[in-house]
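**Q** Following the hints, put chain A with the ligand in place on chain Z, whose structure we already have.
Each protein sequence line maps, in turn, to chains Z and A.
The numbering of the first sequence is our numbering, which starts it at 1 and goes up by one.
The numbering of the second sequence is our numbering, which starts it at 652 and goes up by one.
Hints are computed from structural coordinates only; laboratory data are not their basis.
In the DSBU-like style, the derived pairs of lysine-lysine whose C-alpha atoms are separated by at most 35 angstroms in a straight line are:
#: 1; chain 1: Z; residue 1: K447; chain 2: Z; residue 2: K418
#: 2; chain 1: A; residue 1: K717; chain 2: A; residue 2: K809
#: 3; chain 1: Z; residue 1: K651; chain 2: A; residue 2: K713
#: 4; chain 1: A; residue 1: K771; chain 2: Z; residue 2: K529
Among the chain Z residues that face chain A by a calculated CB cut under 10 angstroms, a handful are:
#: 5; residue: E520
#: 6; residue: A555
#: 7; residue: S624
Positions of the beta carbon are idealized from the N, C-alpha and C atoms, including for glycine.
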Amino acid sequence: MNKKYLKNTLYAVLLLAAFTVVHYSCQDSKNLTTGDEAAKVYVPPGTYDDFYLFTSGGFSGQVGVYGLPSGRLFRVIPVFSQDPEKAWGYSEESKPMLMTTHGFIPWDDAHHPELSQTDGVADGRWLFINGNNTPRIARMDLSTFTTAEIIEIPNSAGNHGSPFLTENTEYVVASTRFSVPIPNKDVPIKSYKENFKGTISFVKVAKDGAMDIAFQILVPGFDYDLSHSGKGPSHDWAFFTSYNTEQANTLLEVNASQHDKDFIAAINWKKAEEYAAKGKAKTVSADYFINRYDEKKHMGVSNKKTSVKVLLPEECPGMIYYLPTPKSPHGVDVNPTGEYIVAGGKLSSTITAHSFEKMLKAIENKEFEKTIDGIPVIKYESVVAGEVQNPGLGPLHTEFDDKGYAYTSNFISSEIVKWKVGTWEVVDRIPTYYSIGHLCIPGGDTKKPWGKYVVALNKITKDRYLPTGPELTQSAQLIDISGDKMKLLLDFPTIGEPHYAQAIPADIIMKNSKKIYKIEENQHPYGIKAEKDARVVRNGNEVHVYMSTIRTHFAPDNIEGIKVGDVVYFHVTNLEQDWDIPHGFAVKGAPNSELLILPGATETLKWEPKAEGIYPFYCTDFCSALHQEMQGYLRVSPKGSNVKLSFGTGK
Amino acid sequence: MKKFILSAAFMSLSILMLAGCGDSSNKKSTAKTSEPELSAWEKENGFGPVKEKVVLGAIDKKMAAKGEKIFESKCASCHKLDERYVGPAQRNVLERVTPEFFMNMVLNPDENIDKHPHAKQMLAVYLQRMTNQNVNLQDARELLEYFRVLDEGLKAKK
Ligand SMILES: [Cu+2]
Numbered sequence: 001m002n003k004k005y006l007k008n009t010l011y012a013v014l015l016l017a018a019f020t021v022v023h024y025s026c027q028d029s030k031n032l033t034t035g036d037e038a039a040k041v042y043v044p045p046g047t048y049d050d051f052y053l054f055t056s057g058g059f060s061g062q063v064g065v066y067g068l069p070s071g072r073l074f075r076v077i078p079v080f081s082q083d084p085e086k087a088w089g090y091s092e093e094s095k096p097m098l099m100t101t102h103g104f105i106p107w108d109d110a111h112h113p114e115l116s117q118t119d120g121v122a123d124g125r126w127l128f129i130n131g132n133n134t135p136r137i138a139r140m141d142l143s144t145f146t147t148a149e150i151i152e153i154p155n156s157a158g159n160h161g162s163p164f165l166t167e168n169t170e171y172v173v174a175s176t177r178f179s180v181p182i183p184n185k186d187v188p189i190k191s192y193k194e195n196f197k198g199t200i201s202f203v204k205v206a207k208d209g210a211m212d213i214a215f216q217i218l219v220p221g222f223d224y225d226l227s228h229s230g231k232g233p234s235h236d237w238a239f240f241t242s243y244n245t246e247q248a249n250t251l252l253e254v255n256a257s258q259h260d261k262d263f264i265a266a267i268n269w270k271k272a273e274e275y276a277a278k279g280k281a282k283t284v285s286a287d288y289f290i291n292r293y294d295e296k297k298h299m300g301v302s303n304k305k306t307s308v309k310v311l312l313p314e315e316c317p318g319m320i321y322y323l324p325t326p327k328s329p330h331g332v333d334v335n336p337t338g339e340y341i342v343a344g345g346k347l348s349s350t351i352t353a354h355s356f357e358k359m360l361k362a363i364e365n366k367e368f369e370k371t372i373d374g375i376p377v378i379k380y381e382s383v384v385a386g387e388v389q390n391p392g393l394g395p396l397h398t399e400f401d402d403k404g405y406a407y408t409s410n411f412i413s414s415e416i417v418k419w420k421v422g423t424w425e426v427v428d429r430i431p432t433y434y435s436i437g438h439l440c441i442p443g444g445d446t447k448k449p450w451g452k453y454v455v456a457l458n459k460i461t462k463d464r465y466l467p468t469g470p471e472l473t474q475s476a477q478l479i480d481i482s483g484d485k486m487k488l489l490l491d492f493p494t495i496g497e498p499h500y501a502q503a504i505p506a507d508i509i510m511k512n513s514k515k516i517y518k519i520e521e522n523q524h525p526y527g528i529k530a531e532k533d534a535r536v537v538r539n540g541n542e543v544h545v546y547m548s549t550i551r552t553h554f555a556p557d558n559i560e561g562i563k564v565g566d567v568v569y570f571h572v573t574n575l576e577q578d579w580d581i582p583h584g585f586a587v588k589g590a591p592n593s594e595l596l597i598l599p600g601a602t603e604t605l606k607w608e609p610k611a612e613g614i615y616p617f618y619c620t621d622f623c624s625a626l627h628q629e630m631q632g633y634l635r636v637s638p639k640g641s642n643v644k645l646s647f648g649t650g651k
Numbered sequence: 652m653k654k655f656i657l658s659a660a661f662m663s664l665s666i667l668m669l670a671g672c673g674d675s676s677n678k679k680s681t682a683k684t685s686e687p688e689l690s691a692w693e694k695e696n697g698f699g700p701v702k703e704k705v706v707l708g709a710i711d712k713k714m715a716a717k718g719e720k721i722f723e724s725k726c727a728s729c730h731k732l733d734e735r736y737v738g739p740a741q742r743n744v745l746e747r748v749t750p751e752f753f754m755n756m757v758l759n760p761d762e763n764i765d766k767h768p769h770a771k772q773m774l775a776v777y778l779q780r781m782t783n784q785n786v787n788l789q790d791a792r793e794l795l796e797y798f799r800v801l802d803e804g805l806k807a808k809k
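Isolated chain Z (complex conformation) (with noise of 0.2 angstroms):
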């Protein structure tokens, strides 16, 4: 095919981008309502909403957590990025959290939320979520809301494909978006083709839910993009999308469109998992960073590792595969049966159904147009089971419901498109506003749907809301499918980018959801248990101030001999046992967060004064009817001032 005629399509592809947005822009949505919608997205006051939904921050390297059907946010979890109001990275006990091998790093861009998930059904217990920029993977417990651990993921780079997990929360994988030299090394850029490489790993998730790399798959270097595992009868694979197998390295606009089809890797992770065991894995030297949060010390440990297992495909037979598909695909999505594979080619006019049956035969009998790096690559008729015609451009993304139907997004035309499994019939299709990315169906990428609404995860906001300046808040759309005709019910708005988001029925949670730290559990090595230990203790020029918080006030709340040059950390231990009453803790000119301590739990800040003088402390979180009195001082002497340590509440 010419060069010429790919650049025309090319460029009608991009006017009608153009023109879509411009014409959605000018739309008017708000008559497309009938009435009914209000009372279905309502919840009263002090009821409950019927799902959770978890959507990533993107560039704000956060987790909102949001109810359907209100839209309501209720949560920001922090992640990847710090939060002031949580103190998340300004904390001692938090910082070792964000430790990667660049160093401390306060800022990802986190875009797949995973729910872990038992026998294919999500189960509540973890939320995972990819970090993009420098490759990282993070685990949120969902009894607390917190983030339990953050793994970096070595030879890597852009970790767009992932952390998409295999049906019990066995493995949860990592793919290179950028294919780079492997180990990183100083080459001419123009040396892709000889020196890229990309990686797919598959992160063990062990019982209590702590990670590690079990192993890395070398792959040629191409860009991988998305992922998805099987499930049922393709339980034992996993599927990766890639684009620019031109390994174009620079204009991937152009260069990286010019294949008709790209592909998707299946992988028997099982196999790999065998061959690893059986040794015919290399031990790399690779450093990475597992941060774990320990609930009972309340605090992170920073833990590095200096190797890797890598398996290549020419030494594992039967490992991997490629399945050719056309144009850049994006997603790759398995229906709920685990049958067909299906993949969004965001450059293509159709959406691609593989069927799993189809390739376990093409295996079988060899039915391979070639091999590449050790890799073969089945025909594509050998393993399509059908193509929707006509979905509409751009399309990215599919869900599932749970009646058959499954739900594509169409970015450059701005649309849902609700087509049948099996007979990839078009049976509907809705605007959103606009230009859809993911969108997301509670349950819809595992074998149990709760098919009642698609959200629509939208990257373009335009005039949906009250403008804000040049920057508004992202857009997502709540749409009811329960009937036959999707139905849009709501728009709410988002922090950072809505990438993706995952929902689960809100009683799955809730039931698990901790009130407090047991203060008796409580491990912490500067917690105290009661506030007759509350005490400073000076060693050298370090202080450690064990001091103790409850309804209203500190102890110590009364401070003296501290000197300019002293390190001082406050340790404060908030010993109320009782749900939502959280302390604050904040020191005049303190270059640092305030600490936010919840009921239990132990936290410190570190402080170091530079200037003589007193320095007044209080709590910021509203606590009580005495709150405005949950205060204290702490004076500050010269250095080598002979100002005893003396300390002290109520005297």
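**A** Just chain A with the ligand now, kept in the frame of chain Z:
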């Protein structure tokens, strides 16, 4: 229907919880006029899981020692034995309230503060709500044993 009952339950629960957080001083004045009558048991022993007289017997020193520990960790940040602190001095608490009221107050402070005249009166003086410190029945019984020891001490002095 089931859902309706559930949400009704949630609603009443949250109303209860809201009431539990409400501003104390205003409530007191309205309470006087609209308060339902307390039963004789409730008047004496408060509201909570302890619904019959506790069999006391001879003092169990071990239990009392455990109670003292719990008091230090979960109560002493608000109660001193012999002086007013955040809450009332506690050495002589059993002269003020029955053992059963003591346990109910510790196990179920919110309801007692909302409904019981003694707790309400205390609140008006201390302007701070006695807090739920997540103690269980066993803990409350051990605390009670500790206060029985203190009570004996007081009696011996008299
Ligand atoms: Cu406070």
